[in-house]
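Colleague: Protein chains in written order, with the working numbering: chain A, 36 to 136; chain B, 1351 to 2018; chain C, 12 to 545; chain D, 15 to 194.
These are computed hints drawn from the structure, not numbers from a lab.
We treat Cβ as the ideally placed atom computed from N, Cα and C, and that holds for glycine.
Among these hints, one or two may not hold up.
What the hints assert, rightly or not - Computed cross-link-like contacts, SDA-like style, restricted to lysine to any residue with a CA-CA straight-line distance of at most 20 Å:
hint, chain 1, residue 1, chain 2, residue 2
1, C, K503, C, G177
2, B, K1427, C, L488
3, A, K124, D, I83
4, B, K1383, C, S410
5, B, K1514, C, L488
6, B, K1462, B, H1713
7, B, K1383, C, K414
8, B, K1382, C, A420
9, B, K1427, B, P1591
10, B, K1383, C, L488
11, B, K1567, B, P1591
12, B, K1897, B, N1976
13, C, K129, C, Y206
14, B, K1427, C, Y182
Stated by the list, open to error - Not close to chain D: a few residues of chain B, all C-beta gaps over 12 Å, as computed:
hint, residue
15, W1410
16, D1464
17, V1574
18, R1728
19, V1862
20, F2003
21, F2005
22, T2006
23, L2009
24, I2010
25, I2013
Okay, here's what each chain looks like letter by letter:
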Amino acid sequence: MITLTHFLVVSACIFCIGLYAVLSKRNAIMILVGIELMINAAVLNLVAFGRYDKVNYGGQVFALFAIVLAAAAVAVGLAIILNVYRKYKTINPDNITDLRD
Amino acid sequence: MRDLLTISPVSMSILVVLLPLLAFVIQAILGKKSTSGMISLIAIAASTLISGGFVFTAVWDNPTISTTYNWFTIGDKTFTIGILLNNLSVLMQFIVCIIALPVHIYSRSYMKGDPGIHRYWMYLSLFCFAMLGLTISKNLFMMYIFWELVGFASYLLIGFWFTKEAAVQANKKAFLVNRIGDLGFLIGIAIIFSTFGTLDLVDLFGTDGFFAQGIDKNTTWMTVAGIAFFLGAMAKSAQFPLHVWLPDAMEGPTSVSSLIHAATMVAAGVFLLSSIFPLFNETVLLIIAIIGTITALSSAFFALGQYDIKKILAFSTISQLGYMMVGVGIGAWDAAMFHLTTHAFFKCLLFLCAGAVIHEMAHLKAHENQEFDPQDLRNMGGLRRYMPKTFTLMAIASLALAGFPLTSGYLSKDAIVITAWEWALHHGGLYLIIPVLLVVVSILTAFYIGRLIFKAFFGEFRLKDLNVTHLHEAPHAMLIPMLLLGIGALFFIFSWNPLSYADAGILQGLSVAYPFAEIHALHVIIPIILTCGSLIAWWIGWRWYSKGSYPLNPHSRWIQASLNQGYLNELYHKTFVESTLALAQISYWFDRYVIDGLVNFSATAVRSLSTFSSWIDRYIVDGFVNTVAGTTYYIGHLLRWIQNGRLQNYLGFAFTVVLIGIIYLIIR
Amino acid sequence: MGLLSLLIFLPLAATAIILLLPTSLRHSYKYITLGFTVAQFALAGFLYSQFDAAATGVNTADGYQFVEHLSWIRMDLGTLGTLEIDYFLGVDGFSLPLLALSAFVMLMAIGASWNITKSLKGYFSLLMVLNLAVMGIFCALDFFLFYVFYEVMLLPLYFLIGIWGGARREYAAIKFFIYTLFGSVFMLLVIVGLYFSVINPDTGAHTFNMLHMMNPANYVENSFFGYINNYNEVFGIPARMIGFIVLFFAFAIKVPIVPLHTWLPDAHVEAPTPVSIILAGILLKVGGYGIIRICLSIFPDAAVDANWWLGLIGIVSIIYGALNALAQKDLKRLIAYSSVSHMGFVLLGIASLTAEGISGAMFQMISHGFLSAALFFLVGVIYDRVHDRYIYNFRGLASLMPKYTGYVAIAFFASLGLPGFSAFIGEAFVIIGTFNAESVGTGIPRWMAIAGSLGILLSAAYFLWTLQRMFFGQTRLKGGEEWASSLVDLTKREQLILFPTLALALLLGIMPSLIFDNLNSSVLNLVALVAQYI
Amino acid sequence: MEEVIFYAFAALAIGSALLVVGLKNTARALFLFFIVLFAMAGLFLFALADFVAITQILIYVGGVLILMIFAFMLSNKELLADLQHTSARFLSLPNAQSLLLVLGFLGVMLYGIAEWQENTPYWITENIRRGNIIQPTDNNINQLGVKFMTQYVLPFEVVSIFLLMALIGAAHLSRKEEDR
């Protein structure tokens, strides 16, 4: 019997791996990948919980919303990355420190 | 004649003193222009005339005359200056004049051509002023002033040839030794002043020279005062052990030696003691007698071995001064003054004769261009053939010195020796040593003066390779004053009776009542002993020095000790001079390194303290402020590092905070 | 404006003129200062001749002459009463001779300044300010006014030594300044203490008036320095004694006494000749004057108790100074140490508390003023010529510079106490007074007099030795021919300065009554004041 | 049997995800990301969300991932170097700080899950008790369609517009700006 806990644990692992990617990767695309991993972990949670709500179907509905919005975000993010690359000739976020000072 | 004198002897005596001062001032103003010495000569001649004609004759054997002038007032005590004319002071003044006059005449010839002659006359006049002033001072304070001035003039005259190293050493020594005595004098004055409240001799002793106030003079302080005054006299009269300056003082011109260091200045000590004689108690008098005896004996001994003709005479002077001191010490200060008088004549004559000899020897030296000491006896001999008149005069003076009958010395010396015997017999016991020694000294005196005469005037001239034809008699300008003094060395000036001193005018004039009985037998025995002793001494001397059969080893310890003056100079130099200088060095070291070191150390300490406090200020007080600021800065820096513009870091921090928050919530 | 004010503030006019004149006229400065100083000297001489010898001085206003008494500061301090500071001037037998001496020494110093070339404007104006301060000190009868003048005196001296001095001038100047300041700061404490202890009987307010301080009746009961029932103690020493000690040390530094003397050789050696003259001629006298005028008069009870120590310090200074002088190889330093020795006599004389001793001390101060000034001037002469004063570098100067040698010999003999010169009278009466002290019962034993006389012997030793080493013998100089040609004999100007000085020393030695006549009644009054407590 | 498959999928997803973040080579990582997404889709099936799983594969694998690789190729000038970058180390060194943070989060989450397990929310137990839970037999797609068009029509429209905006924005951003 696969319980809710199984999903939650897997989801937590994936989320953490995504978070790690976001924090440590030196490549904007890989950061985006990390974000996607985290969104996926969230989606996994949504569907796992959604299973216990047959009346509203909220879990699956919002999983779909999330997937779609993630896709849109990826599109915009990639566009930004391309622009950044054009300007800075790099996509390493460390080198883009305009926020400082 | 006395009735004819309407002029006051006091003002005349002042004139006597002031004339040489006037001469001094005139010559000081004229400077190098006055070389003849006529001014000084006229001044002293006038002084002599006035002193002899108006003062001495007017006062001698007459009641004491004194005048007092207020000098200045300190608080409520008035200090006076005054003139005291009694037998003693007019006698002394007259002696000084009558000795100074021939010396002045003699000097005109003797010092001719010296480049510093103008100073010579100046100094000589200054000396005469001081010495004459000393004689008639009524006040001890005033006397002290002249006393020191005499020393000062002596300083100048000894160092007259100031380019000569020995001369300037000698005058320094003379002044310093005299200074010791002066201090004694000053302390004596201080004691007298604080005891009696006055320094006036008349107030102290009354016009008759007696102790008017009847104050107990056997107190400790009176003894100290007596010793202090005697210390002054010791230095001035060259008494053992302060006599060392006098032989050295012979570096001055011989004419100066004859006046100052034979007849007048050195006699001032005896004069002082005579003036204040009533002040001395038994203890002091005994000390004076003992010191006088030691001086007479030691100097006679030192005189035996000297080769320098002037040094022999110098020691002879010291020895004779010792006699005088004994005279004072035994209470016979009249005899001492008598001996002072006769001694002044014959000793001055001896010096002048020696000066003539030296003069000729120096001429010979200059003529022959040879290097030898013109004062050394070993270079002389047989001079009587070349300088017969000088020889004759010198022989007379020598006889007087030895106390040969018919001379003045015979009278005065017998007076002292016989009185000493009487005194000693009166006291008995160990006191007898003193007259015995005096007799011995008298025989020694005859011997050493005989040695001088024999070595210088008898035998052959010792510097054989020199042309002796240049030796000749001294010029008349020198011989005449010598002749005058030579007359003074004979008995008839002082007493018509050549054999008994009792008839001497001076003794009668001063008339001291002795506390002991006169013993008539002594008046016969002592002169015979002395005369015979002298004759034997001369015979030995003649054998040894004239005949050349000298039996003694010249390197024997006694002779060496005599030649080197008992090594006293070396002893003093080692002990007093060097230790004082060492003390000076030590105290300067102390000053520089201890006292000043302490000052500098405290300065350094304050500086390092301030350095320390500035360190505290910078690092602790300010450090605290800086730490606060630094911490803030550091924290800011830290936060700035966080705010590094890296998105991932921002995110990381955000998550960290979230994590911490969650953990906080969990733990809570 | 009274005569004393005129005397004090004449130099200020000179300073003003000098400061106003453009630098292009700098060669006229010395003539201006000389003119003013001559005028001042004439005025001082006039005062001296007009002085009434019967004036008793010391502790009553009636005893003073040429008195000027004006209110200066009246400030209401609320509960503390009114601050009463007066402009109070007057002279008595103690201050008048010193006033005349100062005017004379100033004249000498101006004469010695003739060859100064470095920043004349500053030099002469500072000299005149110094002149003002010195005159003020000797006239002031208000303690506050006295203190003001006392401090004003320091400043020009500091600059005069520090700027116009020799190689180590900064060191010497600072040493001098700090030494003196050290003393005077504590003096200020005592002044304030006295202020609160004394009231003016006329107004009832506290006062700085010295004369009121000398009267026991004016002391507030139970005040710090009060006379009666005063059990105040500091470190176990009675309050009045500590006041005396502090004031004594403040002035003793100036005198100077051993062991507070070490500023003196340095300051003298480094100072330019005129300043040395002023230092030796006037400054040291301020110390002696202060002890007589203030320590002895305001604290006679303490002085009676302490005089044994004063005498001892005097003796130590005399002998120690003389020994040090004997060890010197630098002529100027030798004379500086001889000053220590000679000023020791002043202290000894004061300590004797006898009329003879105090008169002798005063006379010694006057005499030392002339003679040390002359000695320093003489050293300056040789230093001007060859810029060397090391004793062993000279020999046989007598043949080269006979006049100079004559003056040196006279000055030396005068200093070593040859009768006929002033120093003799001073020293002799100090000794006599000290000897007398035992019979008066002031507690100075006689051996002190004897020990003091040793100083006379030692002074003869070092002066004669110097004379022998430098001036007699065959001429031999370190600088050879070059020196021989530059060592010319005294010029007219130098003789013009030296002759009157030594002549005055001689005159005073022959006629000491010139000083004593004006001094006696004051001395007697002081002795009587002190004698109450013996 | 069912559990074994679940664990296999979970392991695949987690392992691949670890590799994605661990690999140095970006290109390889991107390709491994496929595996992760597929595995995730498989896990969705176990949660009885078949439509979501399909959507996941369609949108992610078909759209997002292709876009990423495309962007990667466009942007990375070091692409070639990166592709050829067969360096000594296959994996990149872990970033210590990030790792620490991540592990912290993991721990917190696992702790939360453990806590949560003991008191299951009320609505879940209530739904289980009423049998109001999705069954494998349910027609999910139908249900979703009805829900989208009825209950969730407003969010649906909003998301649609948002998608439009995102597309336009992306296009605008990525176009060449020649008038700079």
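Colleague: For each hint, tell me whether it holds in the structure or not.
Modeller: Status of the hints after comparison with the structure:
1. K503(C) <-> G177(C): 26 Å, violated
2. K1427(B) <-> L488(C): Answer violated: K1427(B) to L488(C) is near 51 Å, above 20 Å.
3. K124(A) <-> I83(D): 18 Å, holds
4. K1383(B) <-> S410(C): It holds: about 17 Å lies between the C-alpha atoms, which stays within 20 Å.
5. K1514(B) <-> L488(C): Cα-Cα ~17 Å, so holds.
6. K1462(B) <-> H1713(B): 13 Å, holds
7. K1383(B) <-> K414(C): Answer holds: K1383(B) to K414(C) is near 15 Å, not above 20 Å.
8. K1382(B) <-> A420(C): Since the Cα atoms of K1382(B) and A420(C) sit roughly 18 Å apart, the hinted pair holds (cutoff 20 Å).
9. K1427(B) <-> P1591(B): Distance ~37 Å between K1427(B) and P1591(B) Cα, so the pair is violated.
10. K1383(B) <-> L488(C): Violated, because 29 Å separates the two Cα atoms, which is more than 20 Å.
11. K1567(B) <-> P1591(B): 26 Å, violated
12. K1897(B) <-> N1976(B): 109 Å, violated
13. K129(C) <-> Y206(C): Status violated; Cα separation ~44 Å.
14. K1427(B) <-> Y182(C): Roughly 48 Å separates the two Cα atoms, so the pair is violated.
15. W1410: The assertion about W1410(B) holds, with a minimum of 133 Å to chain D.
16. D1464: 113 Å, holds
17. V1574: Holds: least Cβ distance 104 Å, greater than 12 Å.
18. R1728: Holds, because the least Cβ-Cβ distance between R1728(B) and chain D comes to about 117 Å, which exceeds 12 Å.
19. V1862: 128 Å, holds
20. F2003: Not fine: 9 Å to the nearest Cβ puts F2003(B) too close to chain D.
21. F2005: The assertion about F2005(B) is violated, with a minimum of 6 Å to chain D.
22. T2006: 6 Å, violated
23. L2009: 5 Å, violated
24. I2010: 9 Å, violated
25. I2013: 7 Å, violated
Violation of the numbered hints given earlier is confined to hints 1, 2, 9, 10, 11, 12, 13, 14, 20, 21, 22, 23, 24, 25; the remaining hints are satisfied by the structure.
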